Amino acid sequence: MKPDILGAVIKKTAALFQKQEIITTEFFQYLLNPIKENLYNFIFKALNFSEDADDIYQETILRAFKYRKSYHRQSPFKTWIFTIAHNEIKRYFNKHKNLPGKIDLEQHADMMDDPGSDNQTLVRDIYEVARQLTPHQRRVFFLFYDQQFSIQEISEITGLKQGNIKFILNRSREKIKQKLGLKE
Amino acid sequence: MTKKKIDDEMISTLVRSVQYKVPDSVEEQVNASMAETKTGKPRLFKRPLFWYPVSAAAAMVIIAVLVIFQPFVNKESIDTGTPITEIKTEFELRDKNIKILWVQKKDFKLRKIN
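So the protein lines, in turn, are chains R and H. Every number in my numbering is 31 more than the matching position in the first sequence, counting from 1. Every number in my numbering is 539 more than the matching position in the second sequence, counting from 1.
Next comes chain H alone, as it looks inside the complex (with noise of 0.2 angstroms):
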């Protein structure tokens, strides 16, 4: 074992002493992927504007669809109550022992306040 004195600059010559060449078909490859990024592959479209107006007529008719049709509405939130059909009204006169029903029977529409 050499016995001499080490520091860096003796370790950045050792390690330095070992070199390597890039292989030739790495190389190649390199190159031909670089020509290859730099010609870009065809494009689907060449105006990419051309997108927005279909996105945006999309996105209008899929909320013409949501109005209209309501899916995520939840109907039950809206219950406006059975309809009433008969209001009956007692009076009792205990004095007289008189008791009068007034029945009014549906003519006109109701609905249930509460």
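The following block holds chain R by itself, in its conformation from the complex (with noise of 0.2 angstroms):
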């Protein structure tokens, strides 16, 4: 399909959108694209690394599609899928009690941007404090220091209480201190 045929479908699909509230499979895709990478980051991290994301991930884009009717303008298509992630993994913890396997970034070291062995402890290091918070806490660790949300988009993905994600946050600034040994 050209460019211009492209830029066509997707400004009369948006214009539909626009119009009577419908998502297409295009435009679907159209909005799902730019966040898809972020999508799968915050579900393998969240698992810790486990091989059963490809599934969450599959699981949680599936869903959304299939009730993508339901989403509504009000809030970004972001946070609708990232609330739907959120479920899903929430959902994965409660038939999987036991944590998945243990987090191996030395394998995984290709993907660092910066592979300086300095910030390759560091980032271990942190990792590892994520790897020890519990399922609900690293939810909200990776949704805010990877994904970026802002506090009250957390609390309207994880339904959480501002307060109770900010104390959250603290707790794992504390632990990622004391393991870096910068608090006494």
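Wrong hints could be hidden among the right ones.
Here are the computed lysine-lysine pairs in the DSSO-like style, where the Cα-Cα straight-line distance is at most 27 angstroms [to be verified]:
#1 R/109 <-> H/627
#2 R/126 <-> R/208
#3 R/67 <-> R/126
#4 H/560 <-> R/121
#5 R/97 <-> R/67
#6 R/197 <-> R/208
#7 R/208 <-> R/192
#8 R/192 <-> R/121
#9 H/560 <-> R/67
#10 R/121 <-> R/197
#11 R/97 <-> H/560
#12 R/109 <-> R/192
Please keep in mind that the hints were generated in silico from the structure rather than gathered at the bench. For clarity, every value in this text was computed on a predicted model and none was experimentally measured.
Reconstruct the complex from the two isolated chains, following the hints.
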């Protein structure tokens, strides 16, 4: 499909969406494409790099696609789909009480933007702290530090009170400082 | 150990330095599943309204069976009692030493009241 035709299709579906509040498959993919890697990273990290993340990612997208009519434009699409992902991860941890596999950043070292040994140690320590958090604390941690959602948005996604989220983030920060030996 | 100040921005930078791409196999599976969802499975009946008269007729048949056979009605609760076959009435005139016994035999239907 030529770019101008694609543009016209997107414009038309956007117009339909504006007018009738419907999301076509093409428009759903148009909304999903810029954030799908963020979504995958959040699920993968929240599941402690478990291979089950692939299934949860797939389940999240299919559920979002199935219920796309229930998406209203009051909140951003990213917040809406992350809420679905959050609920899928929550359901996963309700089924699997034991935490999935231990983190091994050596295996994923090539994914790091800056593989300098100093930063690698810091990154490893931070992810080790994240691994030790409870599943719901870890979801909040990655929503804030990895996906850079605001506390209000995290509250919308997780259903937690803002004070609770601040408490979790503060505890995580303290643990990181402790791990890095920055706290006496 | 690096002794530099660590704040939210730095934690965020370090956390975000590890990023993954969606595996191609997963991407393909998602697209295939979405296409499958889009086309949808063939429906058993094109008109779901077909079921409404069928279910209404089935309900009526069940009600008719219940009314005719009354399987759940406790028959003991409508006990008509033992039929009375005779009535005996005694009259005694002691001063005249007379005792009259009047027996009414069954020639018409009587039912126990109590």
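Quick rundown of the hints versus the structure:
1. R/109 <-> H/627: Since the Cα atoms of residue 109 of chain R and residue 627 of chain H sit roughly 96 angstroms apart, the hinted pair is violated (cutoff 27 angstroms).
2. R/126 <-> R/208: Status violated; Cα separation ~32 angstroms.
3. R/67 <-> R/126: The hint holds at about 25 angstroms.
4. H/560 <-> R/121: Distance ~23 angstroms between residue 560 of chain H and residue 121 of chain R Cα, so the pair holds.
5. R/97 <-> R/67: The given pair, whose Cα atoms are some 17 angstroms apart, holds under the 27 angstroms limit.
6. R/197 <-> R/208: Holds, at about 16 angstroms.
7. R/208 <-> R/192: Answer holds: residue 208 of chain R to residue 192 of chain R is near 25 angstroms, not above 27 angstroms.
8. R/192 <-> R/121: 17 angstroms, holds
9. H/560 <-> R/67: Holds: residue 560 of chain H and residue 67 of chain R sit about 9 angstroms apart, inside 27 angstroms.
10. R/121 <-> R/197: 20 angstroms, holds
11. R/97 <-> H/560: Within the cut-off at roughly 24 angstroms; holds.
12. R/109 <-> R/192: This hinted pair holds, its Cα atoms lying about 20 angstroms apart.
When held up to the earlier numbered hints, the structure conflicts with 1 and 2 and fits the remainder.
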